[in-house]
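Chemist: Keeping their order, the protein sequence lines are chains D and W. Each position in the first sequence, counted from 1, maps to that position plus 469 in the numbering used here. Each position in the second sequence, counted from 1, maps to that position plus 108 in the numbering used here.
No wet-lab data here; the hints were simulated from the structure. Note that this is a predicted model, so its numbers are computed, not measured. Beta carbons: idealized from backbone N, C-alpha and C, even for Gly. Wrong hints could be hidden among the right ones.
[Claimed, not checked] A few chain D residues facing chain W, derived, Cβ under 8 Å:
1) V490
2) F563
3) G575
4) V644
5) V645
6) L649
7) V684
[What the hints assert, rightly or not] Far from chain W, by Cβ distances over 10 Å, these chain D residues were calculated:
8) R521
9) L526
10) P545
11) R588
12) R622
13) K629
[As the list claims (entries may be wrong)] If you anchor each label on the Cβ, the simulated ranges turn out as follows:
14) W:L356 x D:R643: 40 to 46 Å
15) D:G559 x W:A133: 55 to 61 Å
16) D:E601 x W:T269: 28 to 34 Å
17) W:R322 x D:S582: 28 to 34 Å
18) W:P262 x D:S582: 55 to 61 Å
19) W:T271 x D:S611: 38 to 44 Å
20) D:E601 x W:Y138: 40 to 46 Å
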Amino acid sequence: MTPTSRRVLEVGALSARYGYVEALYAVDLYVDEGELLAILGPNGAGKSTLMRALMGLVATDGEVRFRGASVPRHNPVHAAAMGLVLVPEGRGIFGPMSVAENLELGAYLLNDSREFARRYERVLALFPRLKERLSQIAGSLSGGEQQMLAIGRALMSQPKLLLLDEPSLGLAPRVVEEILEKLGLLNREGLPIVLVEQKAPLALRLARRAYIMSVGSIAAEIDPRTVKSHDDLAHYYLG
Amino acid sequence: MTWLTTIWARVSGAPALALLWALAAALVLYVFVTGGYLIAVLHFAAIYVVFVTGLNIFMGFAGQVSFGHNAFAAIGGYASAVLTATYGWEPLPAAAVGILGALVCALIVGYPTLRLRGHYLAMATLAIGLIVYEVAVQWQSVTQGYMGISGIPPLGIGRWTVTSDRALLVWLAGFAAVMVLAAAGIRHSRLGRAFVAVAGSEDAARALGIDVARYKLIAFLISAFYAAVAGSLFVHAVGFVSPEVFGLHMVVLAFTMLYVGGIGTVAGAALGALVIALLPETLRRFSEYQDLAYGGLLILILIYAPGGLASLSGLSFGNRKADA
Chain D
470 MTPTSRRVLE
480 VGALSARYGY
490 VEALYAVDLY
500 VDEGELLAIL
510 GPNGAGKSTL
520 MRALMGLVAT
530 DGEVRFRGAS
540 VPRHNPVHAA
550 AMGLVLVPEG
560 RGIFGPMSVA
570 ENLELGAYLL
580 NDSREFARRY
590 ERVLALFPRL
600 KERLSQIAGS
610 LSGGEQQMLA
620 IGRALMSQPK
630 LLLLDEPSLG
640 LAPRVVEEIL
650 EKLGLLNREG
660 LPIVLVEQKA
670 PLALRLARRA
680 YIMSVGSIAA
690 EIDPRTVKSH
700 DDLAHYYLG
Chain W
109 MTWLTTIWAR
119 VSGAPALALL
129 WALAAALVLY
139 VFVTGGYLIA
149 VLHFAAIYVV
159 FVTGLNIFMG
169 FAGQVSFGHN
179 AFAAIGGYAS
189 AVLTATYGWE
199 PLPAAAVGIL
209 GALVCALIVG
219 YPTLRLRGHY
229 LAMATLAIGL
239 IVYEVAVQWQ
249 SVTQGYMGIS
259 GIPPLGIGRW
269 TVTSDRALLV
279 WLAGFAAVMV
289 LAAAGIRHSR
299 LGRAFVAVAG
309 SEDAARALGI
319 DVARYKLIAF
329 LISAFYAAVA
339 GSLFVHAVGF
349 VSPEVFGLHM
359 VVLAFTMLYV
369 GGIGTVAGAA
379 LGALVIALLP
389 ETLRRFSEYQ
399 DLAYGGLLIL
409 ILIYAPGGLA
419 SLSGLSFGNR
429 KADA
C-alpha cells in the first residue's frame with residue numbers, strides 16, 4: 470500500500486444519475502502525486518460523467534477528497550478554486566473570443582498581474598502555435614489548435630490536478646502525437662493528470678496506471694506494462 | 109482614464125469601426141443642419157441605440173433570452189413621467205427612481221429564474237412585460253390608463269432645459285455614444301469575458317471558476333439599467349407616455365435591430381438600431397409598397413448577412429480589435 474499522503478485525489482463510492490438513469494455507480498479510485506492515470510473504456514461507459522462528477526458539474530453521491538480536503542458536492546466553482554481543472558470533452562473553447570481572451574479566462578480566479586504574466590509566458594512557450602494566433606478568434610482555429618488552447622487555458626489556472634476528457638477526439642494522428650507529447654512533458658514536470666481516452670493504445674503509452682470502465686463502474690485496474698496486445702483489453706470492451 | 113485610452117486604441121485600430129463612428133457622426137451633423145422631421149427620427153434612433161445596446165449585453169454577450177425588457181423601459185419611463193408631470197420633480201431624480209425601480213424588479217425576476225437552465229427566464233421575462241403593461245393600463249389613478257400622461261417636461265437640470273429639437277438631438281446622440289462606449293468597455297473587461305464565457309458553455313465557464321448564475325444576473329441588471337434609461341429618455345423626448353409606447357412591439361423592434369445589426373457585437377447592436385430606425389423613412393418613396401420593401405429588405409439582410417450587418421464589414425469576426 471502506498472501511504473495516503475501521496476494521494477492527490479481519493480474517490481469513494483461516487484455515484485451519479487441523470488434522472489432515473491444511473492450513469493455512475495459506486496466508483497472508487499485514487500490518483501497519486503505526479504501520476505498520469507488513464508481511464509479507458511468504450512463509448513457510454515461513464516468516463517465523461519466521471520470527469521463531470523469529479524468537477525462537481527453533476528449532482529453526486531459519495532466522497533471526493535482532493536489533497537486531503539473534501540470537495541463539496543455539485544460546486545464546480547469551489548472545485549476550480551481548489552485547483553481541480555477539467556478540459557471538457559469537445560474542448561469547451563469560447564468560439565467568439567480571441568485566443569488571448571480564452572487564456573485570460575483560464576486565470577479567472579487569479580488577481581495578480583505578475584503571476585498572470587508568468588503563467589501566460591509559460592503556456593505560450595509550451596504551445597508556440599498559440600502565440601502566433603493570439604488575436605485570432607478561437608472559433609477559427611483548427612481542431613488541434615483548439616485542443617492546445619483548451620489545455621493552455623486550463624494551465625492558466627495553475628491546476629493541481631488536470632482532468633482531460635478525450636483530448637484526441639476528432640484530431641489527426643500527428644496532432645494527437647504532438648498533444649500527448651506536451652502532456653507527457655507537463656506530467657514529468659510534476660503535474661498529476663487524469664486522461665480519459667477511448668483510444669486505449671495512445672493513453673497506455675503514457676500512463677503508469679489505468680482503470681477500465683464499463684457500464685458506469687470501474688471494471689478493472691491494469692498496469693500498462695503488462696498489456697502486451699489489443700486482445701488483453703478486448704474482453705473489457707466486448708464483455 | 110486608462111480605460112478611455114484603451115477603448116480609443118481599439119476604436120482607432122479598426123478602420124471599419126472608425127468609419128462607422130464617422131458615418132454616425134456625419135448623419136447626426138447632416139440632420140442637425142437640415143432639420144425637419146428627420147430630427148425626431150434620429151431622437152428615436154438614439155434612444156433605441158441605448159435600449160438595444162443594453163439588450164445586447166444580456167442576449168449577445170451573455171447569450172440569454174429576454175422577451176420583457178420593455179417592462180424595464182416602462183418602469184423607467186413611467187417613473188419619469190409621473191414624478192415630473194404629476195408631482196413636479198426634476199427629471200434627474202425622477203429618472204433615478206425609475207432606474208432603481210427597474211433594477212429591483214429585475215432582481216426579483218432574475219434571482220430565482222437565472223439559476224435555472226433553459227427557457228425559464230425567457231418565460232418569466234415575457235410575463236413581466238405583460239404584467240407591467242397591464243399595470244400601466246389598469247392603475248388609472250397614477251398612469252391614467254390608455255389616455256396616457258402628457259405634458260412631460262423636457263430633459264434638464266434646474267432652470268436649464270433642453271428645449272429645441274436640435275439641442276435634444278445632440279444630447280441624445282452624445283448620450284447614446286457614451287452608453288455604447290460603456291458597453292464596449294464592459295465587453296473587453298473581466299466582466300465581459302465572463303459574460304461571453306457563460307454564453308459559450310456554462311459548464312466550461314463553471315470549470316474555470318466562473319459563477320454562472322451570478323454573471324447572468326449581473327448581465328440582466330446591467331441591461332435592465334440600459335432599458336430604464338432608454339425609457340426615461342423616451343418620455344422626456346416625446347413629452348407623452350401611454351402603455352402602447354412600451355408594448356410588445358418594442359420587443360419585436362429591438363429583436364429586429366439586434367439581429368439585423370449583428371447580435372453579440374457592440375457595433376452591430378448600435379448599427380442595427382440606427383438602420384432599422386431610419387429604414388422606414390428612407391423607404392417612404394415607395395408609398396403603398398413601403399411595408400413590402402421594408403420586409404423584403406429585412407429578409408435579404410438575414411439571407412445574405414446571417415451574422416448581421418456588422419459581419420459584412422468584418423466587425424464581428426476575424427479580429428479581436430474589430431470586435432469592439
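Chemist: A separate judgement is required for each hint: does it hold in the structure or not?
Modeler: Hints, verified against the model:
1. Hint status for V490 of chain D relative to chain W: violated, with the closest Cβ pair at about 18 Å, above 8 Å.
2. Nearest Cβ of chain W to the Cβ of F563 of chain D: about 4 Å, under the 8 Å cut. The hint holds.
3. For G575 of chain D, the interface hint holds, since its Cβ comes within 8 Å of a Cβ in chain W; the closest pair sits about 6 Å apart.
4. A hinted interface residue such as V644 of chain D counts as satisfied when its beta carbon comes closer than 8 Å to some beta carbon of chain W; here the least separation is about 21 Å, so the hint is violated.
5. For V645 of chain D, the interface hint is violated, the least distance from its beta-carbon to any beta-carbon of chain W being 21 Å, above 8 Å.
6. Hint on L649 of chain D is violated. Least Cβ distance to chain W is approximately 22 Å, over the 8 Å limit.
7. At its closest, the beta carbon of V684 of chain D sits 24 Å from a beta carbon of chain W; the interface hint therefore is violated under the 8 Å criterion.
8. Not every Cβ of chain W is farther than 10 Å from the Cβ of R521 of chain D; the closest lies at roughly 7 Å, contradicting the non-interface assignment.
9. Against the 10 Å criterion, L526 of chain D falls within the reach of chain W, whose nearest CB is about 5 Å from its own CB.
10. Non-interface status of P545 of chain D relative to chain W is broken: a Cβ of that chain comes within 10 Å, the nearest being about 4 Å off.
11. Its beta-carbon lying about 13 Å from the closest one in chain W, R588 of chain D satisfies the requirement of being farther than 10 Å from that chain.
12. With a cut of 10 Å on Cβ distances, R622 of chain D falls inside the contact zone with chain W, its closest approach being about 7 Å.
13. Every CB of chain W lies more than 10 Å from the CB of K629 of chain D, the least distance being 13 Å, so the non-interface label holds.
14. The supplied range of 40 to 46 Å is broken by L356 of chain W and R643 of chain D, whose beta-carbon atoms lie about 55 Å from each other.
15. About 44 Å separates the C-beta atoms of G559 of chain D and A133 of chain W, a value inconsistent with the hinted range of 55 to 61 Å.
16. Remark: the range hint 28 to 34 Å for E601 of chain D to T269 of chain W is contradicted by a beta-carbon distance near 57 Å.
17. Take R322 of chain W and S582 of chain D: their Cβ atoms lie about 23 Å apart, and the range 28 to 34 Å is violated.
18. In this structure the hint that P262 of chain W and S582 of chain D lie 55 to 61 Å apart at CB is violated, the actual value being about 47 Å.
19. Between T271 of chain W and S611 of chain D the beta carbons are some 60 Å apart, a value that contradicts the proposed interval 38 to 44 Å.
20. Between E601 of chain D and Y138 of chain W the beta carbon distance is about 44 Å. The supplied range of 40 to 46 Å therefore holds.
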